[in-house]
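Novice: Residues per chain, in single letters:
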Amino acid sequence: MIIKNLNWKIAGPAGLGIMSSGQIFSKTFTRSGYNVIDGNEYPSLIQGGHNTYTVRVSSEDIYSLSENLDILVGLDKNSLSINRNAISPGGYIIYDEKEMNAAGKLKERNDITYFDLPMNEITESISVPKIMCNNVALGSSLAFTDIELDSLNSVVKDNFSMKGDKVVQSNLRAVELGFRYTKEKLGRIPFSLRRTRKEQKLLLTGNDSVFLGAVRAGCKFYAAYPMTPASSILHSFASVENEYNIIVKHAESELAVINMALGASYAGARSLLATSGGGFALMNEGLGAAAMTETPLVIVLCQRPAPATGLPTWTEQGDLLFAVHSSHGEFLRVIMAPGDPEETFYMTGEAFNLAEKYQIPVIIILDKYLSESHFSYDDLDPSKIKIERGKYIRSEEELGNDYLRYRITDDGISPRAIPGIEKGLYIANTDEHDEYGFSDDSAQNRKNMVDKRFKKINRLMKEIPEPKKYGPDKAKVTIWSWGSCKGPVLEAINMMNGKKNMINMVHFNYIYPFRVDFFEKNFYENNMNIIIENNKTAQFSKLIKMYTGKEIKTKILKYNGRQFLPEEIASAIDELI
Amino acid sequence: MIIKNLNWKIAGPAGLGIMSSGQIFSKTFTRSGYNVIDGNEYPSLIQGGHNTYTVRVSSEDIYSLSENLDILVGLDKNSLSINRNAISPGGYIIYDEKEMNAAGKLKERNDITYFDLPMNEITESISVPKIMCNNVALGSSLAFTDIELDSLNSVVKDNFSMKGDKVVQSNLRAVELGFRYTKEKLGRIPFSLRRTRKEQKLLLTGNDSVFLGAVRAGCKFYAAYPMTPASSILHSFASVENEYNIIVKHAESELAVINMALGASYAGARSLLATSGGGFALMNEGLGAAAMTETPLVIVLCQRPAPATGLPTWTEQGDLLFAVHSSHGEFLRVIMAPGDPEETFYMTGEAFNLAEKYQIPVIIILDKYLSESHFSYDDLDPSKIKIERGKYIRSEEELGNDYLRYRITDDGISPRAIPGIEKGLYIANTDEHDEYGFSDDSAQNRKNMVDKRFKKINRLMKEIPEPKKYGPDKAKVTIWSWGSCKGPVLEAINMMNGKKNMINMVHFNYIYPFRVDFFEKNFYENNMNIIIENNKTAQFSKLIKMYTGKEIKTKILKYNGRQFLPEEIASAIDELI
Amino acid sequence: MKNNGINSNYDLKPGDFNTRIRPAWCRGCGNFAIWDALKKAFVSLKLKSHDIIIVYGIGCSGNGTNYIKTNAFHALHGRALPVATGVKLANHKLEVIAMVGDGDGIGIGGNHFIHTCRRNINITCILHDNRVYGLTTGQTSPTSDEGFQTKSTPHGVLEEPINPLMLALAAGATFIARGFSGDVVQLKGIIEKAIRHRGFSFVDVLQPCVTFNRQNTYYSYIKLIYKLEEEKKYDDRDFSAAMERARETERLATGVLYDTEKSIYEDGLKQIERKPLVDHVIKDIDINKLLKRYT
Amino acid sequence: MKNNGINSNYDLKPGDFNTRIRPAWCRGCGNFAIWDALKKAFVSLKLKSHDIIIVYGIGCSGNGTNYIKTNAFHALHGRALPVATGVKLANHKLEVIAMVGDGDGIGIGGNHFIHTCRRNINITCILHDNRVYGLTTGQTSPTSDEGFQTKSTPHGVLEEPINPLMLALAAGATFIARGFSGDVVQLKGIIEKAIRHRGFSFVDVLQPCVTFNRQNTYYSYIKLIYKLEEEKKYDDRDFSAAMERARETERLATGVLYDTEKSIYEDGLKQIERKPLVDHVIKDIDINKLLKRYT
Ligand SMILES: Cc1ncc(C[n+]2csc(CCOP(=O)(O)OP(=O)(O)O)c2C)c(N)n1
Ligand SMILES: Cc1ncc(C[n+]2csc(CCOP(=O)(O)OP(=O)(O)O)c2C)c(N)n1
Ligand code: SF4
Ligand code: SF4
Ligand SMILES: [Mg+2]
Ligand SMILES: [Mg+2]
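Residue numbers (our numbering), protein chains in the order written: chain C, 1 to 577; chain D, 1001 to 1577; chain S, 2001 to 2295; chain F, 3001 to 3295.
Read the hints as simulated data drawn from the structure, not as lab findings.
Quick caveat, the model's predicted, so the values are computed rather than measured.
Positions of the beta carbon are idealized from the N, C-alpha and C atoms, including for glycine.
A portion of the hints provided could be inaccurate.
Reference listing, derived: stretches of chain F covered by chain D, where coverage requires no fewer than 3 residues with Cβ under 8 angstroms from a Cβ of chain D [to be verified]:
hint: 1; region: 3150 to 3158
hint: 2; region: 3232 to 3242
Derived Cβ-Cβ restraints for the label pairs, each shown as a range [unchecked claim]:
hint: 3; chain 1: C; residue 1: M162; chain 2: F; residue 2: G3268; range: 19 to 29 angstroms
hint: 4; chain 1: S; residue 1: H2155; chain 2: C; residue 2: K553; range: 53 to 63 angstroms
hint: 5; chain 1: D; residue 1: R1197; chain 2: F; residue 2: Y3219; range: 47 to 57 angstroms
hint: 6; chain 1: S; residue 1: R2237; chain 2: D; residue 2: Q1444; range: 51 to 61 angstroms
So that you can see chain C by itself, here it is in the shape it has in the complex:
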């Protein structure tokens, strides 16, 4: 059977290398030129609990994970019972009957095939640790397709190279035995993947893109306090701190993080921080300090289900209205919510420009799904990330004799001298201040300064790109969404065969300031408008209403800690129209 899509999942208890197996499997296919999207699930425990990794491979463009599995690899009994129902008719379960003694229970479904892979015997036979069962399973999985073993081998080699040649060899051996055993038993190729241009692809998570975009944009100072699902940005930065001469500071708390970043940015270095909701909550006061001192700052908010500690390792879009209104008082900010890692890359670059040009905080909102799932791309174009620093001043010549850091200008943006210049002394003052920065609580000054800081919005509005429209320009049904919902919605529309042409989607990746003009031009009250959000209270819908008065009445919301799957959306839409 020649197929366009392969949906594979590995599941098992933590500690059995589920995560690395999944990544290896993904890369095997991107190196062969296929499109891949993957996603993981794990509890907030180091050991124990159920881990999974799903890889979707396709010879066509894909935008999200999808529901039904072609192959499930189950490393324990539990993972079989939890995931069995997700397998498509005609699909396969790879498991170790001898180890699990599960056959009886398994036979409950007779529309799928149970492939007994003696992983444990195989590892024993070559005297490698039991933990290498996952490699046997990887080899076996590949044998279900027509992809050559070499592709898998190259990834395995890269993956274990730093652990030394012996480890690499054992892993390769396990992979090979799994592959051979399976080829032999199967005798045919259940899933022939449609050929594709043989080109290597990039495989990126949203967090990877933040990191890459920021490095390219000249981010020189990265401060963080670890917090799932933002931590991998810290790890990436730390791994290149010397190579790219970036100072990476794991500080004592998020309070320290944002204030260090403030200091570094004030002193002239492009600075970034990333956290999740709890850390962002702690940073709220500092956010206002950035606003009041007009210090640029780029903050990445990787959402997870909340309130409080919540579900640390799961996903939700629950922090939007908090981000828009965070910190006491009133000030301008930019809120971005890229829809996928590609957008994340370019928008991160742009975030630094907007932050510096307007001397304001910019918040990039991701979520666990986008932060930790991999998406494949042909390429990224770093040259599209340009450096624009606005009124950034580093030399005496650019300064007059009476330097006003907070000069009231036509566009509200004042010249920003970087400390160290003789004529450029000023106070970066969290108190309300006059044009020099001196504390000033007079009524007139207060009004002037509030107006000055808000005036920037006029120019800023001209730079905020329009939301993106997908599908027909005019359609009976318009889906409104933001951030990581982009992919599942696009896939869902694609799935809706007959109805596909009646549906389009408007996706907001620049959320705030809100483009009222665009909305009004594109909102047809008499059409069916549907909002899709990964939260309980339809926050983006509320934001739209706050700025336009229009309610998008039909809502598809999900708030069980899991991202949308296109099938769910498609069937929900199907019911509605």
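Following the hints, put chains D, S and F with the ligands in place on chain C, whose structure we already have.
Specialist: Leaving out everything else, chains D, S and F with the ligands in the frame of chain C:
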């Protein structure tokens, strides 16, 4: 001249007792049965800077400060030039010509009278410190009215009694000499105040009312970190900690404050905390912890102009949308914004009930104007504050054998066992949890728990009182406002003689959850609707639009750090209609 | 301790403090020993589940919330101590214990730590000191050794570690001890003493993280550790001696380093002299006297 | 210190560091002396305004922002040290000084304090230690004496004060001194040494608040104070000696208590070996090598 209103102001550099003089002056009149509203202005400095205290006295009901002064007491030259223009024609300036040598400059206005009071000579003559000049001025001020010196003397005595008899006597002497000197020089009574029922009144700030309401409501734990304009609540609580057996904890930070209060509330004590915007920002994470563990908490947010440190001693209504959306994730809360100290008293009582009945955080929003200005009332009725603790359980008998702290009930509210009960063990868990409180990250449980916590809104909505309507039931012009704008708007309407009957006001003191039903019944699109807010971005107007889609297009906003004065509002409305 | 073993017919065993959830710590994790020792200490002290409230921070350590059957509050990361303080003030009859991680209690929550020490409130704080961030999969912690390579410090930690014992001493804690996950018997004894101590008790437990810290292992500790209780001359009331021992790096003292008597915070609270705050009657509180002040 | 007096034709006077704003501290406030001493130290060190960045917290102390002419950042309450750290890391050629209050630096900002100590970054922290909250009109501070009556503790503080010197020692600071507002000459010398010291320098200044602290006055301090520099035998490299002196309460040592050499945080940063971070060219950074990792 018999007058209904007297508007008096004292101004001078910090350190000359402006604040205590003002309060003494206010109390002198409330003790004589007059209505009083006062307000102060001071910079965020201990010494230096310009301080003022304005007292408005009336024989009629009054609701706010007012613009034009009848008497200005100026303790230095600066205070004369700053405040001179605020004096009504026919008004008086009390000053010390010998000290200030200001006569020349003063003569710029010839519609007011310059009353030269030799305060310094008088204090010297009786060998009391110069700082007692303010007492001379108080005595002098009183001599402009027909109020007897005894009223003032009684307040002065009470005020200085703890400093010993000698101090009391010196102060009384200074007062008397100022009074006598003035009576003699004036030879007549410029301002005869219309008689009023001679009854003592209460003189309260919003902060006083929070304190009194909370004590009455059985608040047993008060934690705070000092922050203007919330600090006086801490001082009040501390002063009665032994008398009322309340534990008052000035903790190391606002992070400690909210978490201590959480602990105390969890353990069964009604707990309160108060702060301003910066402290509230730091409490954001803790707020979510209260929500997730369903621990009741009452938080007072005394707004001041922000962002960041801002204008610590001035006023603004800039934190509304922050309070409504504060903390990451989605959860129910109540937001109150009482309009005056009287409402503050009763609503504080109610806040504890709502917090305990619904096991949610309740936020009471004040602002510097309301927190620190005094308003007079005939009386308060403590018996109206009732204790309702909801499903609060302290005995074994009330518990079954399988106690589910987070039981999914019809109204979303679960039985709350206070720790110490054998059968009542549970985990108050900031992680998402099952009905026992055990961490549970399964999809179904997450959805159930989010739904459970939000379900409380149904019952809660029935308890949220309707906003209050003032003036004619139907009117051509409706003014919408919230919190401390109540008084200035009411006064402004009263001032608008001819147009008064065309105008009414809807005042929201319960802000959130928002009473959409009420709004829709009372909003007439074709009428003129005006929103009045003490901020830049019309936050309440945005909230209304978010929940109703309706924009109140005409906006009267003030954001220079000062509260509204009725005259400004009246003239702004006058221009509009 | 609040109830001096008043529970007369006490027949609980350590296992009775287990919940239905089995610990999901890595095999060999030092948290198991703390879990064990704590339950045994409860039994020795004749404490019942509902007499105790344990406040946990967030971390592998904090995951213990689900495994020990007492009243429990799983607080925010870093905030166990202020929550514990609030609980104790509202009901000082409860035995209040705070279980914190090194990142949790000394990193993000470090400020609460020093202020709780000086406050000398009658609670016990147990630090699961694995010198690494466990739950977030291996970053440096404030107690990590200089040079330690982690995900957030791949080129080695540049800072000197915080020494929690020295910090507690400097901040005024009145009971300071060090335990080791490799010695449950000693640890149980230490925890028992810590709970018995009247005032703030701090126990720093050397807790190997077998997954993310390959530097501070059982083996490495065993080579460094010696027991103070074996030294007859050691005087745990002597601040300077305690500071000297706390400073040692070539060897590591376990046992009680410091134990001094001082009035506790609650002693100063007339409010709760007669009964815990939570037992105060709040119906019909008379504020008329108070209102008079405002005339 | 970053520039070792390189400014050759230096002709500034302390008054040149004044802004046009006159200090609005209460007459007699101990902040004046710190202000004075600091400016004099700048002159001695031949520092120019734009070589220096002072980060202030919020408090009466922080109001100094408006009075000293250098680069200045008036940070949030409690956050001066992390801001100062960020500035130093971004431009280590600047002389970075943090001016903090006792509530600010040891109360709400206490966690940053201990972590900055152990970090040993090359900045100077001056604590305006008036043992009270000045700007918020007189509440207790972490350094207030036990029993001290304030607006927030009318029945007296129940906690032992934090001793900032002990805390800094325990947390690993490499330069620790105590000054007194009653002795500008000594204070100026101390501040000069603190700035010269390579690493984190901490100066605790006994700063009388004449308005809200009637207990810790000039007079009360003068009776207690003695100068370490007058003791020939005092060895400021000896940790134990420093701890002993820091612990004294019957008398109070002023001068340098502790001064030790240790590599500073910046020494470990290859990133800025050649030039400060802010001088790195950020145009056209090549990430193609990096992208390869993702294939
Ligand atoms: C405000 C906030 N920041 C970050 C986190 C993420 N987080 C969870 S546990 C942890 C650190 C765990 O280390 P430690 O306290 O040493 O505990 P261990 O896991 O080692 O027992 C962090 C950073 C969080 N939950 N909250
Ligand atoms: C987050 C926050 N909480 C509270 C305040 C209010 N506040 C301003 S200064 C201050 C304390 C001042 O005391 P200290 O730090 O000792 O400085 P001092 O005035 O004594 O110099 C406080 C609590 C604030 N600005 N920010
Ligand atoms: S990661 Fe470390 S601390 Fe956490 S459970 Fe595993 S061994 Fe224990
Ligand atoms: S209140 Fe105290 S610290 Fe503040 S300026 Fe006055 S004397 Fe100085
Ligand atoms: Mg740890
Ligand atoms: Mg102070």
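Novice: Each of the hints needs a verdict: does it hold here or not?
Specialist: The hints, checked one at a time:
1. 3150 to 3158: holds (count 5)
2. 3232 to 3242: Per the Cβ count (0), the hint is violated.
3. M162/C - G3268/F: 19 to 29 angstroms: holds, 23 angstroms
4. H2155/S - K553/C: 53 to 63 angstroms: Holds, at about 55 angstroms.
5. R1197/D - Y3219/F: 47 to 57 angstroms: With Cβ atoms ~54 angstroms apart, the hint holds.
6. R2237/S - Q1444/D: 51 to 61 angstroms: holds, 56 angstroms
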